[in-house]
Each structure stands twice: as C-alpha cells, then as structure tokens.
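Visitor: Generate coordinates for the entire structure from the input sequences, incorporating the hints supplied.
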Amino acid sequence: MSDQHTIPYSPVSQKLLWLNVAVTGLYLVWWLQFDQAKNIFLFSLLLLGEIYHVVMALTFWYTVRKPHHRTPPLWSLFNFQPTVDVFIPVTHEPIEIIEATVNAALAMTYTRKKIWILNDGYVAGYEDWQDAEKLAEKYGVGCITRKRKGGAKAGNINYALKKTRGEIVVIFDADMQAKPHFLTTTLPYFQDPQVGFVQTPQYYSNQNQNSITAAAWDQQSLFFGPILRGKDTHNSAFICGTNVAIRRTALEAAGGMREDNIAEDFLTSLTIHRQGWKSIYHPEVLASGLAPLTLGAYFQQQMRWARGSLEVLFRDNPLLHSGLSWAQKTEYLASALYYLNGLIIFLDMIVPVFFLFFGMEPISSSIGEFSFLFLPFIVLNFLTLHIVTQRTLSFRALAFAQSSWVLQIMALFAVLRGQASSFKVTPKQAEEGNFLRLAVPHIGYIAVVIAGVFIAINRDGFSPAVAANTSWVLFNSILFLPYIWAAYPWSRFFEQTLLIAEEPVISSE
Amino acid sequence: MKKIFQSLHWYHVLLAVVSVQAIFTFVILLRQSVRLDEAQTLWAVSKSYLGMLEHTAQDVHVPLYYSLVFIWVRLFGSDVSVVRVLSIVLWALTLPVIYFLTKYAFHRPQLRLAAVILFMSSPFLMWYSAESRMYSLFIFIVSLTHLFFFHWYEKPTPHNRVKLGIALMIGMYTHYFFWLVMGAQAFFLLFMATKKLITEKWRAEFQWWWGNIQKGLEYGVISGTAALVFIPWVLFIISQGSLANTKPLLSMPTPETVLQLGLQFLFGIQPYAWQGVLIALWPLTVMAVFIFFTRKHHLQLQHSWYWLMLTVLPIIVTFSVSYFSRPILVPRYLIFIAGSFFILLTWLVTTLSEKHGMKLITAVIILMGISTAIQNYSSLTPVKEEYAQVSEYVAQVATTRDLVAVSAPFTIYPIEYSYHGVAGIETVPYWNRYEVGALPQFSWDEVYSQLEGYRQRYQRLYLILSYDQGYEENIKSLADNAFTFVESRQFSPELELRVYQIE
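Protein chains in written order, with our numbering: chain A, 1 to 509; chain B, 1001 to 1503.
It is worth saying that the hints were derived from the structure and are not from the lab. Hints may be right or wrong, so weigh each one.
Capping the alpha-carbon separation at 27 angstroms, the derived lysine-lysine pairs in DSS-like fashion look like this [claimed, not checked]: (1) B:1215 <-> B:1155; (2) A:15 <-> B:1296; (3) A:163 <-> A:278; (4) B:1215 <-> B:1296; (5) A:15 <-> B:1355; (6) B:1355 <-> B:1296; (7) B:1155 <-> A:66; (8) A:162 <-> A:15; (9) B:1155 <-> B:1103.
According to the in silico footprint, chain B covers these stretches of chain A (three or more CB under 8 angstroms from chain B) [unchecked claim]: (10) 220–232; (11) 309–317; (12) 358–368.
Negatives, chain B to chain A, calculated, CB over 10 angstroms [what the hints assert, rightly or not]: (13) 1012; (14) 1165; (15) 1223; (16) 1285.
C-beta atoms are modelled at their ideal positions from N, C-alpha and C, and glycine is treated no differently.
Guide: See the structure below:
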C-alpha cells in the first residue's frame, strides 16, 4: 500500500487515549459539582454542551483506537468475475464534467462492466436533459432517463436497479473520475459472500483551488482518514454516496437505496448492516472529484448531510434498531450526533454574551480551577487529532466546522418541524455572486459581542470576569473569520475600493 | 528593513536592545529596599562560618550560596546591593550556558538566539536575579546540569561522566529543589528506555533500548555517587536538631498558582488586579492550542520530551506534594525550570507561525519589556517590600520615648538592616533571635501582657506589619483595643505601618 495514494492517517498510542479518558473523567466530574452553579439556567446550558463534547470525544477515541489496515484479498479470477453496473447519476451537471467521468469509468480495467448514465435531467425539468443521452450514445454507454419523479438521487438509482442486472453496483457522482484499478481493487473484497459494500475515499482534486475547497477537503480528510478506518474496524463504515461498490443482493435486500431520507447513503448502509452484511472501507484513493467551490455550494452540501444525519437520529435512531451490534450502534450514533454540534456551539457562544450584557455568570468556581481541568482536556484532544490525522488537521477546517453552526441549527429545526427535504446536487461549477447572507449570523454575532464588551467594561471595568468572557467571544469571533472571508470576494472589494480611492481627480481646466 | 527583519541580524538587534534593557533594569533593582529573605542572607553571613552553616541548616536551605556570599562580603563589603551584584553576575554567566544548551534543542541559530533573548527578557528572572538569594545560582547550576547531561547523554565518555557528576553534586548543595531536576532527568531516561517498547517492535530495536537502559543505570550510578557527597550535610542537619520556624507561612497552591507561574516567567510579578486579568485571558491559550495543532509543519525541537518533562514534572510534583502533604509550591522556588520553559516557549511561538515567528517573538519581547517596567515601577507590585522606606519614615518620626514593634517576628531582619532611628525595636510576639532554635510557641495572653507592658514605658507605638503568619489580624485587633489608633500607612502591598498613642 506504500506507493498508493491513501488518506493521511497515523495510529495513536493506547496510553494517550487512556490518558484522554482519565483527564476527561476529571473534567466531567468537575462539571457535575452542581453546587458551583451560580445561574442555574446558564450552568445547565454549559453542562449540556460539555456532556455533548465529552460524549463526542469518547466516541471519537473509541473509533480511532484500533484502525483497520486493509490490504485487498488475493483475487481468484477463475472463480470470481462478477458482472458490474457502473452508475453515474446526473441531473444537470456540466456535460464536460460528466464526459470526463464516463471516460474514466470506461477506462477502468475490467471487462464485465457496463456503464450507465442515470439521467434525472428530465424529471428535474431541464430543457437540455437529452444532452446526457447524446453523451451516452457518443461513448456507447447506457443511459437510463427517468420520466417519473421521486426519491431524488436514491430514486434515480433505484429506478436504474430495476433496469439492470449486474451483480455489483458501482456508484460515481457526476464529477468523480475513477482510476483504472478501481474495480480490480474493490471487487476482490466481494469474494467474501458476506461483504455488502466497499467504500473508498471521496477525494477532491481541486482542493487547492480556494479556501472553501481546501477546508472541505481538510474535513473530508479527517473523515476518510482516521474516522472511516476506525469505523471499518467495527464493521460500521457507511456508504458515502459515491466511489462505492455495492453487492446488488445486499442493496435489494435493503429495499434499494432509502428514499425516505435526504442522506440516502447513510440510512441505506444502516439497513444493510442491520441485515448482517459486512462493510469494507478501502482507504486508497480510487476516484477523485470536485469539492464545493463556493460557500453556497459548501453550505448546501453540509446542509444535506446535516439534515440526513439528524433525520436518522430522530426518526431511525440506531440505538432502537435490532440487528446492529453495540459497536455499530455507537458508530452510527456518533456520526448522527455530530450534527448536533451546531446547537452546542450556539449555546457555548451565547453564555458569555449573557455575561457581557447582563452580568449573569454560570459558575461560581474560580477561573483557574476551570482552566486547570479544561486545558489538559483540550490539549490532549487536539494532540490526539493532530496525531491521527498525521498533522493534516487545519485551522481552516476547524473554523469552517465551527462556523457551520447556523446550517446545523437550521437542519435541526427543519428535522424537528418535519419539513420536507429536497435533494440538491452540490454545484460543480463556481457560481458568481456573494454569499455574505450565509455569514450574516456570524457578522451579527461579532457586532453584538463588541457592543457587549463595551457594556461589560462600562459596568464592571476590565475585571477578570470581563477579561475571561471577552476572551471567549474573541475566540469564537476569530474562528468565524475564515468563513466570513470565504463568503464574499473581499479582496476584489478592497481592490475596487482602493482603485476608486486612488483614481486621480481630473480637473476641468 | 524587511531584509534585516528576516535575517539573523534582527535577533542581534533584539539582543542588543534587551541587553540595554537588562542593564537598566538591574540598576533600578539594585537600588530597591532590602527584602526579608535578603536580610536573612546578610544576617546569616555576618556570623562565623559555622554559625552561618547552622543558620542555613535551620532555615531549611543548603549552604553553597551562603558560602559564596560569605566570601563575597568579606571581599567586597556587606551592603545589600553589593551582594545583589553577585546574583547578577551569576545571571549573566547563565546566558552563554543557555545559548550552548539551545544547541540541543534547535538547529537554527535564529531560534537559539531567540530562546536566549526570551530568557534575558523575563522580568521574573531579572527580579530574582537581582536578589541576594540563591535563585540565580540555582538557575545557573541547573542550566549547567542540563548542558552536561546532554554532553554525557550524547557522548558518555569518562570526562563527561565526571562533569555531570560534579554538576549534580554542586546542584544538591544549591537548593533542595535540585532533587526535582535529578528526578525529572531520571524519569526522562526511564521514559526513553521504555518508549520504543510501547510503540514499536522492540526486538528490532533491542540495541537502542538496551543503550537507553544502560544510560539509565549509568545515570543512577553517577547521581548516586554525587549524592554521597551530600551525606555530610544531612548528618550536619541531624546534629542541629529541630529546624527553625523562621520560614514564612506558605499558602496552599491553587490552580491559579500554576497558571501564575507561567505568566510570571513571561510578564513578571504584576499587581494582583492585573494578575487576575492575565489569568482570565486564558481562553486565548485555547486559540493558541488550536493554531499550534493545526500547523502542518512543526519546527523541529530536539529532545522535546526532555524539555517537556524538565518543565512539567517539577510543577506536578510540587503541586501534588502541596496538595496532599504540605505547601511547597512557590513560583520562585521553581525558577530553575526557566531554561527548559523558554526553550519550549520559543518552539511553541515560532511553530504558531513559521513565517511570522520572528515577529511573534519580537511582540512577546516587547510585552515582556513593558511588564518589566510595570513590575519594577509600580507601587502595587506584590513582592515589593519597602522596609527601607518604612524604616526611614519611622526613624524620622519616632523618639526615644517610642517603640518600634514588628510582626511577623522574623521581619526584624530587614527592618533592623535599614533602621537607624533612636527608638527601640521589638518583635510581636516577643522573640529572641539570638537563641538557637525555632521561634517558640506563644499564647495570646503573653502577647496581651507584652502590649500592656508598653503602657508604663512608651509614648507611641509604631507597629510594622508584614508577612502575615495567620495572626496579623489578631495583633492588630489587640493593639486597636489597647491603645489609641493614630494613623496607618501602606508602604507596599503587604507592608503596613500602624501608629498608636499609648499614653
């Protein structure tokens, strides 16, 4: 595997993980001393947030403690040559992008394969929906065009399942170009009749294009590096919508791709696992695609994932399903819980605001006591992340994750209110215009806390409590800056402003 | 300018600026009032050599520094500023040692210079390096020990073994906390010997592992041999019987104490209000943690475990002992971790931004410079002990019919050093410090009688209160009830003069 392109990952010492657990235990015990609550409402908010952080930290360490080191099994070509249907679901992506994906699929080394463009352009109401059919004709690949709407991407795939017969179904998003050895690497795993699907990383070839693609990749890198490897150990790797090979019988037994959830892949994996199938995560990059190029596209992608995961949490809670092992339940729950992060970030954000404006303090304990327990907790957490990601964890990724609280809260409310969800394909092209509207809450927060700091200083002077709360809001605000910066072409704004300012005044004389 | 800023020359400029600042700072510090601990040093070395050793043993110290001062005062005089110069000389001698030591931390000459400059800029180190106490000697010896440790660790020749052994011997006679250095070094060797066993296939690394085991055993032999030289001192202490009760009451350290330690290395001893604010800014360190761990390329720090352990372990040990047994954690006692602390700090700061590391270092140095000025000039600096000022004032106003009383009793040392008035001096509670042994136990009846006894003899009482040993409020209350309160003057944060009319 050494000469292959895999997602960065490094094993972590078990001692470090146990040290993490011990320090976290002390930290949690401190929080459970209720007599230190000064304002019970604010204390409860913070306590809720800290319990969430601790649960997420524990599940993360559980995930990464023993990662799977996959090497593909030897392939007995005489005994095992399954037929493969390669699905490329498209809606209205640029034709040149689809063309590149079809070309790459055709170039995959394996003869018993058939490439299918799953065309949803018609049901989506695009006038040029026939372009995909023309492309299929040009390259001699199949094209399945739905005429009846429903189920979004999952519906598209399920429709194609009825029209095809391949033993293995491979799914590539419209922008995911497979490497020639995709099939020869993933298919051998299916010699084990219990293997239901083989997932590979979703690599972004345009990761260095701008700060959004970079942040999106950094986040993917954490997921496809240590997290999915760890989940693989617990037979809990899940389908990520693309770059995946699925055994048809497993998919059909699950009732096809689940159409009742916007994150169809996540829920389908859960259903497949419930029926006792094995999953494989092969960490080698076998296909590469495009990261969201704009904040709008990023927002849309994250929103879809958040809604899907939260729907699973509230409607298909893994803990309530039979057929899953406890390890699988834990892993699915951890993945779904992640998207509650936005709510917790929001709670952590507003507690210092209450102090700045109204002087309300959640805790009566000393600042030093809290920091004494919190600092080792956070340092060890980050050290662990730093190690398992092989130092690829970026500030940008953290900043974007932290700034995603708005979309995560929106997703949470949408799920709780039972709003209908619609699957929107992540745009594959740069869109013009600014996305400042997506950063309004963040800018608003900064404005509010600046006012709050002035009010607090006016009320208490620059006391230790004011200093501590100012530091926290400053901390939050700094983390929002990369996101705000990505929301609008500020550099162009400044250039224009400067140009206008420097424009020479021409005298009428 | 940009070119200079990005080159080694910038550090030379910084070094020059910081050197000038250090000279300036020391000139100011030399002129400050004698402090309690300093007066005790002067008192001890004014005795015969044996008397000095007895005093040192009873005062729970080791004799190397006192022996040096003993010679120094006989050569150059016993004025406190003269004795302080010895400490400053030792501070200056530490700088090249730190520079050579940084060879074992950084490859880049810029970083090595940066570490030395940060070390030089520390207001905390400057404060205690201008005090007639053992702290600058302690840092000097500990830095030498680190240096000789690495000489031996990387090249265990007989010559290097002897050098390390001698450094350990001298260290043991410098401060009792030197044992923490030896403990941390031993722990480091133990850790290194077992590290690979945990993480790698140890059979393949057997030679490496065995090499470390050998080093650990060798260190045990060297330090054990060095410890033999300490036995005479232990026997001497035993022969002295009970220890003196002249040590100030130490308060139980809190988490703030530990945070303060790091902050004091950087920003010195600031007024209490500022210390609280500085501690409260700790969430910003979380941001630094975020940035630090999201750097893709960390600057290489050689022997990183060594620096980390030599910085952190002494803090953990002293905090734990203080928590579970008796308070021993006092920031100045841990001054010896300064070398490793500033090496780690240099690494952390420059790792935050490799591109802007130099600017960050410069910013930190500017902040340290400002802090130094505040520490040295502010009248609210908690460690200021203006015994000279209070003595001068009392000498001007007190007559032969008045009495100067000091509490806690051992603060008579600095008062007596600087007081040249006509009124008599006494301690409350009464203590004859010429008697060998501990400060005797006292009852409140005795103190009451002592104060009542003043009625017949004195007109006014000048009560100088400092170093509260837990009974300052009681003495104040007794005096308030017994006599007519006239006025109160605060000379430094914990030094109060209360004047009473007796008749």
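Visitor: State for each hint whether it applies.
Guide: A quick look at each hint next to the structure:
no.	hint	in the structure
1	B:1215 <-> B:1155	11 angstroms, holds
2	A:15 <-> B:1296	24 angstroms, holds
3	A:163 <-> A:278	26 angstroms, holds
4	B:1215 <-> B:1296	34 angstroms, violated
5	A:15 <-> B:1355	34 angstroms, violated
6	B:1355 <-> B:1296	13 angstroms, holds
7	B:1155 <-> A:66	39 angstroms, violated
8	A:162 <-> A:15	51 angstroms, violated
9	B:1155 <-> B:1103	15 angstroms, holds
10	220–232	violated (count 0)
11	309–317	violated (count 0)
12	358–368	holds (count 3)
13	1012	32 angstroms, holds
14	1165	33 angstroms, holds
15	1223	27 angstroms, holds
16	1285	7 angstroms, violated
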